[in-house]
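J.: One letter stands for each residue in the lines below.
Number of protein chains: 2
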Amino acid sequence: MATNKLSTESYKGVRDFYPEDMFIQKHIFERMRKAVEKFGYVEYGASVLEPAELYRAKSGEEIVNEQTYTFTDRGDREVTLRPEMTPTVARMVAAKRRELVFPLRWYSIPNLFRYEKPQRGRTREHWQLNVDLFGVDNIQADVEILAVAHEIMLSFGAKAGDFEIRINSRKMLEEQATKYNLTPEKAKELRLIIDKKGKMPHEEFQQKIKAIAGDNFELSQVASNDVEKVISLLKKNNIENIVFDPSIVRGFDYYTGIVFEVYDTNPENRRALFGGGRYDDLASLFDGDKIPAVGFGAGDVTIRDFLETHGLLPTYKPSAQLYIAIQDETCRESAEMLAATLRRNGTDVVLDISQKKLGDQIKIADRQKIPFVTAVGAEEVKSGAYRIKNLADGIEKILKATEISDSLKTLL
Amino acid sequence: MATNKLSTESYKGVRDFYPEDMFIQKHIFERMRKAVEKFGYVEYGASVLEPAELYRAKSGEEIVNEQTYTFTDRGDREVTLRPEMTPTVARMVAAKRRELVFPLRWYSIPNLFRYEKPQRGRTREHWQLNVDLFGVDNIQADVEILAVAHEIMLSFGAKAGDFEIRINSRKMLEEQATKYNLTPEKAKELRLIIDKKGKMPHEEFQQKIKAIAGDNFELSQVASNDVEKVISLLKKNNIENIVFDPSIVRGFDYYTGIVFEVYDTNPENRRALFGGGRYDDLASLFDGDKIPAVGFGAGDVTIRDFLETHGLLPTYKPSAQLYIAIQDETCRESAEMLAATLRRNGTDVVLDISQKKLGDQIKIADRQKIPFVTAVGAEEVKSGAYRIKNLADGIEKILKATEISDSLKTLL
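Chains as they are written, first to last, in this note's numbering: chain A, 1 to 412; chain B, 1 to 412.
Don't take each hint at face value.
Given that identical chains are not distinguished, each listed pair holds provided it fits within a single copy or across any two copies.
Claimed, not checked - Cut-off 27 Å, straight-line C-alpha distance, at most; resulting in silico cross-link-like pairs (DSS-like, lysine-lysine):
id: 1; residue 1: Lys356; residue 2: Lys317
id: 2; residue 1: Lys96; residue 2: Lys369
id: 3; residue 1: Lys5; residue 2: Lys357
id: 4; residue 1: Lys171; residue 2: Lys12
id: 5; residue 1: Lys179; residue 2: Lys382
Think of the hints as simulated: they come from the structure by calculation, not from any bench.
Given the structure is predicted, the values throughout are model-derived calculations rather than measurements.
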């Protein structure tokens, strides 16, 4: 045995998911899946390891140089723990562009890594729902993606008043860049300032953008045609909480059309929950033509904060509905038969193996939040009737083995 | 745009999961979850990144030194991509030993990394169901864990004759080591040879073990008491396909009691599918006392091979049950309303946005394996009745919007 004891701490900036946390995580993922599958999106996946070169081309530079986990493997390959999923999905789509049947409606819930200082809403590892629609360059695709984003919020139990979609178009910014004769580098600098608009006083913002784009520069307050049209089509679909916002530009380089962010409207949590946009050029980094694409990513940490703020977190429930306690070991075989019957009938059951006193067995069930308990003793073995107790209200029901599963289904 | 095109290949030795592959992966995970939850196991999770020191103490040495992905982060911390889940779960349990309510029935389906030469059944990244029972040192815990392993196989559709559980106990080997005066190092060498018994001729095996343990050494052909008892208790629970096998020892150092492997009995795929055992000492590497534990890990790659060998792979189905084609754009609003109604009623629906010709829209549905299709045109808008076509057999049904979801539920 080692004398220097090991630390029980996880690696810095990542999370352990004990069953209660995992329950929330699974709830979030399940609602996400349900929402996107309503629109026919299918799930894909990939490894967290990617060749480092994948991120050199089109992500924001800050991300590639300072914020990734990149290392060299034993075969001298440069490997990165993916910081975002879009390059991966673009790679996968480009690799099979001839076999795949477009339009593709794809989603995934990968974990992503950023090397940054851990703080509220910012961990080194987070999970992110990625939803993408490939192969359609018309506005109906933009509308569908926004409707999916909206549906995800509703699926968590959010009301239309709890959040707001803010939308803009990169095209507007491109037009302005042309009008003010900005180089691509200047246009990018400008974008990064606009992206941080909410984080500085208005005066400072005005100074900064004029320093880059000239004293005459004003951020356009007029929505481009595509943005206007998307908003009006969504309103026809009863999605009203969408507004044009010229300060929405998004950090990544690769967007080419609409860009949007979903905002929490609660004054205590007023911030972007997630966002996305159109990126028609990314697949052309690989061999072959452009593939039009529009999509978004929604992270688990900000969603969880949102659910907490709005009282939408679910209450923990374990998988087991019933705990079978054993009054003495001579009854174990009968208890095992009962457990087998219930499991066959679709009830998840814990069978006691602690061999503790009956009261202690029931305490285990209660503290593990298993809602019902029954104790198997000589009497139950003889009669074949079991007293099923609801631990929350103490109410008991006497049932035969074959009646228990159906009864629990109606009670839960 | 870059002129040097990026490669579309994934990192070496890992897999991309296109929707068809992800469908199988999800099927495997779903069946695993269902099987273990029957016994009341609850899911936990953790990051793939762990402090490197976690693997120095108790894993086999080969694994720590040559087979892990270990690198130094920007803060000079040594980090490892977890090669197995047991040290992580032992760390998590040890960290909260005072708050947790034992016995713990925990499971997880983490991805694991090994730096090794990719070959059949051996990838650099795989997923592995980990099932563990903490806090009980009696034989009932061993029996339950083996029953869970058995249930997992049945949940995939395997018959009892398709596989076999082979069981041994580390205690038997310890007794022999004492009898033959073997040092701990020699005992370990011996174990590594026994673990590879099936991979060499019998003669060579005999030579090797005698070279380590002396000419008089014979591998015990008698099961220890605990193994005998576990087998007889499982047979009482109608689990018959379990046998004592003195060559089962498992690679990791940390096992202290029973060890077992589940074997495919098919002559074409006769090999270990997965395994585990009792490890009562692992938690004592951290501050505090021992925590008795028994568990196993079942990997996705070998399970998938098993399902393939036995014809148990599921047939791909996308999430969408119905593709709504649009005959001309004037009908889009009606088609959107139909889609909204069906989604509200629990049907997953793709609404066409390709704006292609009707025949091409139906081709998309067919090639994406969406089972039903309907086309919305002027007639349907007027009548409110929709022709729902089953693409597999061509049979059509004319239904009102409100009837479609129920009808599809019975047809699918």
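J.: Compare the structure with each hint and give your call.
T.: For each hint, the structure was consulted:
no.	hint	verdict
1	Lys356 to Lys317	within (24 Å within a copy, 47 Å between copies)
2	Lys96 to Lys369	between (48 Å within a copy, 18 Å between copies)
3	Lys5 to Lys357	neither (34 Å within a copy, 69 Å between copies)
4	Lys171 to Lys12	neither (40 Å within a copy, 38 Å between copies)
5	Lys179 to Lys382	neither (90 Å within a copy, 49 Å between copies)
Hints 3, 4, 5, counting from the list given before, are not met by this structure.
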